[in-house]
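Visitor: Counting in this note's numbering, the sequence shown runs from 1 upward without gaps.
Everything labelled a hint here was simulated from the structure, so no lab data went into it.
Among the hints, a few may not be true.
Below are the DSS-like pairs computed for lysine-lysine, each with C-alpha atoms no more than 27 Å apart in a straight line [unchecked claim]:
#1 K204 <-> K147
#2 K201 <-> K147
#3 K91 <-> K218
#4 K222 <-> K201
#5 K147 <-> K222
Label pairs and their computed distance ranges (CB to CB) [unchecked claim]:
#6 Q193 <-> A43: 42 to 48 Å
#7 N262 <-> K147: 43 to 49 Å
#8 M258 <-> K147: 27 to 33 Å
#9 R70 <-> D31: 19 to 25 Å
#10 R12 <-> R245: 50 to 56 Å
#11 A43 <-> H231: 15 to 21 Å
#12 R17 <-> D261: 38 to 44 Å
#13 H231 <-> R70: 25 to 31 Å
Positions of the beta carbon are idealized from the N, C-alpha and C atoms, including for glycine.
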Amino acid sequence: MARKIIHVEAKREMRKRIVRELQIMHGCHSDYIVTFYGAFLNANNDVIMCMEYMDVGSLDRVSRQFGPVRVDVLGKIAEATLGGLTYLYAKHHIMHRDIKPSNILVNSRGSIKLCDFGVSGELINSIADTFVGTSTYMAPERIQGEKYTVKSDVWSFGLSIMELAIGKFPFAASEQLSDAESAPAGILDLLQQIVHEPAPKLPKSDAFPPILEEMIEKCLFKNPDERPTPHELFERDAFVQAAKRTPVDLREWACGLMDRDNRKSHLAPQLSPATQELLRANDSPIFPTQTDGALQTPTSACQVGPRYGTEQGQAALAAQVDRLYIRDWGHK
Numbered sequence: 001m002a003r004k005i006i007h008v009e010a011k012r013e014m015r016k017r018i019v020r021e022l023q024i025m026h027g028c029h030s031d032y033i034v035t036f037y038g039a040f041l042n043a044n045n046d047v048i049m050c051m052e053y054m055d056v057g058s059l060d061r062v063s064r065q066f067g068p069v070r071v072d073v074l075g076k077i078a079e080a081t082l083g084g085l086t087y088l089y090a091k092h093h094i095m096h097r098d099i100k101p102s103n104i105l106v107n108s109r110g111s112i113k114l115c116d117f118g119v120s121g122e123l124i125n126s127i128a129d130t131f132v133g134t135s136t137y138m139a140p141e142r143i144q145g146e147k148y149t150v151k152s153d154v155w156s157f158g159l160s161i162m163e164l165a166i167g168k169f170p171f172a173a174s175e176q177l178s179d180a181e182s183a184p185a186g187i188l189d190l191l192q193q194i195v196h197e198p199a200p201k202l203p204k205s206d207a208f209p210p211i212l213e214e215m216i217e218k219c220l221f222k223n224p225d226e227r228p229t230p231h232e233l234f235e236r237d238a239f240v241q242a243a244k245r246t247p248v249d250l251r252e253w254a255c256g257l258m259d260r261d262n263r264k265s266h267l268a269p270q271l272s273p274a275t276q277e278l279l280r281a282n283d284s285p286i287f288p289t290q291t292d293g294a295l296q297t298p299t300s301a302c303q304v305g306p307r308y309g310t311e312q313g314q315a316a317l318a319a320q321v322d323r324l325y326i327r328d329w330g331h332k
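Sequences are here, hints too, so could you generate the full structure?
Guide: Structure below.
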């Protein structure tokens, strides 16, 4: 199980409301959506979300560590992402609002799933201070303060697919963001570029089939009315239909990434005894020494998940989580 800690600048009553809103995620059952087990407030009044652990990690991490994603796998990523977006809107009338490679996760079974979708309007408003990380994938109309629609998710999807294909963020101005001193100017330049300059195009290459170029071009129309919906792409786009017909061993691909990652870690410098002692002395709740068998597997966790829809259930979940061996996604 994975635990995500979200620092929310809001009063406790508002935090409780956010936790209640997040319970909607109990009703989301799709092969393209990360399984949600529960949410609660900890002693620091942070919102804690407990969900399925995806052991390979995010596609952002995959891209940064291993470079461009090959086209057959890219097709399966497009299929899974659009399948998740279609499910969320058709079944729950939820728009994701934050599609980007870091919110598309992979596990060692080869499953590709979405996380961090916009089920809580209050949570979205409360974490607006993370604007820089999310705004780079915003559609032009969203940057300009216009109405958000599912077609805004399509822009973010197209940008994410292009980034995974070429191994870097498509807009040139994003390179300035790596320099801390120029980051404020860099983000403003980038937003101006997204709104006012032509959308990026996939570079001409024998590695990219024309149907991939066409799909990305459709997703990145500046006028949202000209973009297809996630459902239209999922059901009719030529690249996605080809991906559905093409068998790809995603388990082998995912395990290959983990093997390469392990080989890299074996080559890393070993920690000194003093550093190891310092880490052991760190009183971190993230990796407790005791484990509880009640929720060690995704199956058992899924079975008990719905029990945590009440305040008493959330308290029970919080107590269980403190005893579990869990992985922390980090702070947002």
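Visitor: Which hints, by number, does the structure contradict?
Guide: When the structure is compared with the hints, numbers 1, 8, 11 turn out to be violated.
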